[in-house]
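K.L.:
Below are the chains, spelled out letter by letter.
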Amino acid sequence: MYRYDTYDQAIVDTRVAEFRDQVARRIAGEMTDDQFKPLRLKNGLYLQLHAYMLRVAIPYGTINARQLRVLAHIARKYDRGYGHFTTRQNIQFNWIRLEDAPDILAELAKVEMHAIQTSGESIRNISADQYAGAAADEVCDPRPWAELIRQYTTFHPEFSYLPRKFKIGLTASDTDRAAIKLHDVGLQIVHGADGETGFRVFVGGGMGRTPFVAHLIRDFLPAGAICSYLEAILRVWNRHGRRDNIHKQRIKILVHDLGAQEFARQVEEEWQAIQPLGDDMPLAEYTRIAAYFTAPPFEEGLCDALDLSDARFAAWVQQNVHAHKQPGYAIATVSLKPIGGIPGDVSADQIDLIADLAEKYSFDDLRPTHAQNVVLPHVRKADLYAIWQALDAAGLATANLDLISDIIACPGLDYCSLANTRSIPLAQKLADRFADPARQLDIGELKLKISGCINACGHHHAGHIGVLGVDRKGTENFQLLFGGSGAEDASLGKIIGPGFTEDGVVDAIERAVEKYRDLRDPGERFLDTYRRVGSDPFKEAVYG
Amino acid sequence: MVEVAIPLSLRFRDDEPADEPAVTLDAFLDQPNALSVRIEGGDDVRRLGPALDRLRLVEIDFPRFRDGRGYSSARILREMGYKGELKAVGDVLVDQLLFMRRCGFDSFGPDQAIDLAVARRALTEYDFVYQQAADGRVPVWKLRHG
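Residue numbers (the working numbering), protein chains in the order written: chain A, 1158 to 1701; chain B, 1233 to 1378.
These are calculated hints, taken from the structure and not from any lab test.
Check before you lean on any hint, since a few could be wrong.
Computed spacing ranges between beta-carbons, pair by pair [as the list claims (entries may be wrong)]:
hint, chain 1, residue 1, chain 2, residue 2, range
1, B, L1261, A, E1426, 17 to 27 Å
2, B, R1245, A, Y1161, 43 to 53 Å
3, B, V1370, A, Y1161, 51 to 61 Å
4, B, M1312, A, L1255, 20 to 30 Å
5, B, R1279, A, D1693, 50 to 60 Å
6, B, R1296, A, G1691, 41 to 51 Å
7, A, E1425, B, R1296, 25 to 35 Å
Small disclaimer: the values here were computed from a predicted structure and weren't measured.
For every residue, glycine included, the Cβ atom is placed at its ideal position computed from N, Cα and C.
So that you can see chain A by itself, here it is in the shape it has in the complex (with noise of 0.2 Å):
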């Protein structure tokens, strides 16, 4: 993985004592409130219901074992012994006190880690495909790109107070593990006709409270060029974008209103105009960001037979590993949705343990993953029966992955001051409700996520099945969607009809999954059976 030269070691040193300075000045009444919010969120740090939160970056989900045990430190030291991985693969702290801050920001810079730009309206972290530099299918590593993409847009001095947010979403594959179509700009590498490597560039993805899929306004990019053209796009937005309405100025909002080609038109024009300033970095500093991203020393010839004699085991083997590019090796997602446990939360303990499993089987590697669990990426597949024991004694060994029960939720109201509904104790009834584990593997795929408000951080609209939580007159109350999809396949679910309570909202499902069942043909997942056979059905069986 990439390691931090004297430079970057520098701004990341000195963000820290700047952020120690600006916490010193807001103590000392020096700014209001509203001055510091947008400098502390510019740092990750939020208020939540009952504490700050601190949101620490995991640049395009990559981290190794030694900056593992530095989170788990501080989930002792500063916050109630556990973490919780979020939606953009990074990790996040939900009871931490405003002085310690940046103490916590000097103890991750000792390990080249940083929570700069993890929230405010700024160029967040880098989401990238989990299986990077593993999966068979990936046209190249995307994780050089990424990074370089990264050091462009830290304290970028032009787009640090833009109109909103602004993510990213990188892959190498057909196969879109990153949900690259529901970023503000997704980008996939890909290799052009002569072998020439450039990027497809896609704009204005979004879920929230008006969710597009995005537009691909650029088939092929000269990946040398991405700097530019990104500055290209943040410039035409941070310009053009609104200002006046919180909930409509995400770029989404404003290639959906110049429509995706006038959109594309204006941004080549500002290209051009930027291209020539120089702005790009030289291949040579792509070929210096990717030697830290040659492939680790495989052994050769190792046998690719595995014994299954252990059913939990073999279970584990045909849901949770995924093949690797290299024989005799294999990619073991380590799930963080324990049955009726919290979606994507870890004990310092377990996170520890999978640093030491990273550490001694992965070679020192670990991603986490959009979907809240963790990803061992390089395990010989003799070692994978070791590293399923060590995780079984830890409760990570859930054989869920991809399942009805492996459910993306967002903090809900237990923590955050925008929620409307809980999503941690609804999570955590249709997790029993599906507990059986061949009931799971018989329903097969299916992506349930889950938004306790409009801002769906759950991803609800991304769900085969998703549910988003509202406010009825004082009560909680849960919509229902089918039919989304963050995949290469990316589409929108949409709501079905009147909501449900929290319990009615876990037997509505249940209706629809066993309707799916009856309907679907061989080989049919639930979202293709709804695809194919349209709502009317769905419906019906839930409202009867």
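Following the hints, position chain B against chain A.
P.N.:
Frame of chain A; chain B shown alone:
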């Protein structure tokens, strides 16, 4: 509260300040003798292209410090070759000075007093930057590759 404060402006130029009041963009373009212009949020600074030679002062207004349009306006002016005074006015706070300087502002007329000691630190504490911008600082990717 703030002890070391200056009431008026921070200026990073050696020439004499323009002494006539800045007029709106439309008025400036209508008046061939005007030398100073004031850019409001939605104005397109590219309209100043034909008039750059007579321009001595551009004031860019920040109605709220969170309104970042002025950063793009400043960079576009510098990219067009404007060498005169570029002044950020309005809701300009000490924690925005560094990015404003990097975007080409060389003069500041904040509504509220700015603590000079804090300003000096804010403008000098970062030894390195990741991007090429309008302030001539060499980005780290250039330092890395000579």
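K.L.:
Each hint needs a verdict: does it hold in this structure or not?
P.N.:
Hint check results:
1. B:L1261 / A:E1426: 17 to 27 Å: Check passed, 21 Å falls within 17 to 27 Å.
2. B:R1245 / A:Y1161: 43 to 53 Å: Violated, since R1245 of chain B and Y1161 of chain A (Cβ atoms, about 36 Å apart) do not stay within the stated range.
3. B:V1370 / A:Y1161: 51 to 61 Å: violated (19 Å)
4. B:M1312 / A:L1255: 20 to 30 Å: violated (43 Å)
5. B:R1279 / A:D1693: 50 to 60 Å: This hint holds: roughly 55 Å between Cβ atoms.
6. B:R1296 / A:G1691: 41 to 51 Å: At roughly 47 Å between Cβ atoms, G1691 of chain A and R1296 of chain B fall inside 41 to 51 Å, so the hint holds.
7. A:E1425 / B:R1296: 25 to 35 Å: holds (31 Å)
In summary, the structure is inconsistent with hints 2, 3 and 4 from the numbered list given earlier, while agreeing with the others.
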